[in-house]
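Protein sequences, first through last, are from chains F and B. Going by the working numbering, the residue at position 107 of the first sequence is 107; the numbering climbs one at a time, nothing skipped. Going by the working numbering, the residue at position 52 of the second sequence is 52; the numbering climbs one at a time, nothing skipped.
Hints in this document: simulated from the structure, not taken from any laboratory. Quick caveat, the model's predicted, so the values are computed rather than measured. Using N, Cα and C, we set each Cβ at its ideal position, and we do this for glycine too. It is possible that part of the hints are untrue.
As the list claims (entries may be wrong) - Mimicking DSSO-like on lysine-lysine, the simulated pairs with C-alpha atoms at most 27 Å apart in a straight line are:
#, chain 1, residue 1, chain 2, residue 2
1, B, 71, F, 53
2, F, 41, B, 3
3, F, 40, B, 99
4, B, 3, F, 38
To be verified - Residues of chain F placed beyond 12 Å of chain B at every Cβ, according to the derived structure:
#, residue
5, 6
6, 14
7, 19
8, 92
9, 103
Claimed, not checked - A partial selection of chain B residues facing chain F, derived with a Cβ cut-off under 8 Å:
#, residue
10, 28
11, 31
12, 32
13, 68
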Amino acid sequence: DTEVTQTPKHLVMGMTNKKSLKCEQHMGHRAMYWYKQKAKKPPELMFVYSYEKLSINESVPSRFSPECPNSSLLNLHLHALQPEDSALYLCASSQGLAGGSYEQYFGPGTRLTVT
Amino acid sequence: SQKIEQNSEALNIQEGKTATLTCNYTNYSPAYLQWYRQDPGRGPVFLLLIRENEKEKRKERLKVTFDTTLKQSLFHITASQPADSATYLCAGGGNQGGKLIFGQGTELSVKP
């Protein structure tokens, strides 16, 4: 199984809502990532987890809170978002970090709209 | 700052021709480059990885080169097909714990 799944596919939330994005992989990968992607732009790294520990936080605002409950799951908790946070949120996984020479497997993304 | 640059203009070619996409890097030396394909509204899909000590890699109709003198990678799709139409992303990595720096992507359109 070489699939990364993400739920929900689409999410519309108000600026005062709290919601969570979920990501799952069963490839035995030990590194997992959250990216944000705006239209016609490349993916922008937000967080990296390695062996369930936060490895990289790209100075992401605290209204985004990642969580890695186990090696297969990655969550992104959202609270008090702004309209400019509307984007495609992509989860990815890789075998490890090891200087980053492993390919990343991306999920289909969650299309988030903040109203 | 570290940059990966791709031709932001869309590339339009005729079916059967070879598509060549360019990726240049500045202000750093990636240990490897990865190429991904992304269709609209979908996540990127990994295609090829090439390390700095490799000159060329091939996979079926795909070929990628890495020229550390020119600080450039070229990505070729031979015998292109309309199904190859997508955005192609170049990403560089090195000693940054799995972090990839992505280029803007080049949109390829293959006409029948």
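Hints, one by one, checked against the model:
Taken as a hint, the residue 71 of chain B and residue 53 of chain F pair is broken in the structure, with Cα atoms around 34 Å apart against an allowance of 27 Å. Pair hint residue 41 of chain F plus residue 3 of chain B holds up; C-alpha atoms about 14 Å apart against a cutoff of 27 Å. Proposed proximity of residue 40 of chain F and residue 99 of chain B is supported: the alpha carbons are some 21 Å apart, at most 27 Å. Proposed proximity of residue 3 of chain B and residue 38 of chain F is supported: the alpha carbons are some 18 Å apart, at most 27 Å.
Its beta-carbon lying about 8 Å from the closest one in chain B, residue 6 of chain F breaks the requirement of being farther than 12 Å from that chain. No Cβ of chain B comes within 12 Å of the Cβ of residue 14 of chain F; the nearest lies about 23 Å off, and the non-interface call holds. No Cβ of chain B comes within 12 Å of the Cβ of residue 19 of chain F; the nearest lies about 20 Å off, and the non-interface call holds. Some Cβ of chain B comes within 12 Å of the Cβ of residue 92 of chain F; the nearest lies about 7 Å off, and the non-interface call is violated.
Not every Cβ of chain B is farther than 12 Å from the Cβ of residue 103 of chain F; the closest lies at roughly 4 Å, contradicting the non-interface assignment. Interface restraint check for residue 28 of chain B: the shortest CB-CB distance to chain F comes to about 13 Å, outside 8 Å, so the restraint is violated. At a threshold of 8 Å, the smallest CB-CB gap from residue 31 of chain B to chain F is about 6 Å, leaving the interface hint in force. Taking 8 Å as the C-beta contact cut-off toward chain F, the hint placing residue 32 of chain B at the interface holds, the least distance being around 5 Å.
Annotation: interface hint on residue 68 of chain B violated; nearest CB of chain F at approximately 16 Å, more than 8 Å.
Hints 1, 5, 8, 9, 10, 13 from the earlier list are contradicted by this structure; the remaining hints agree with it.
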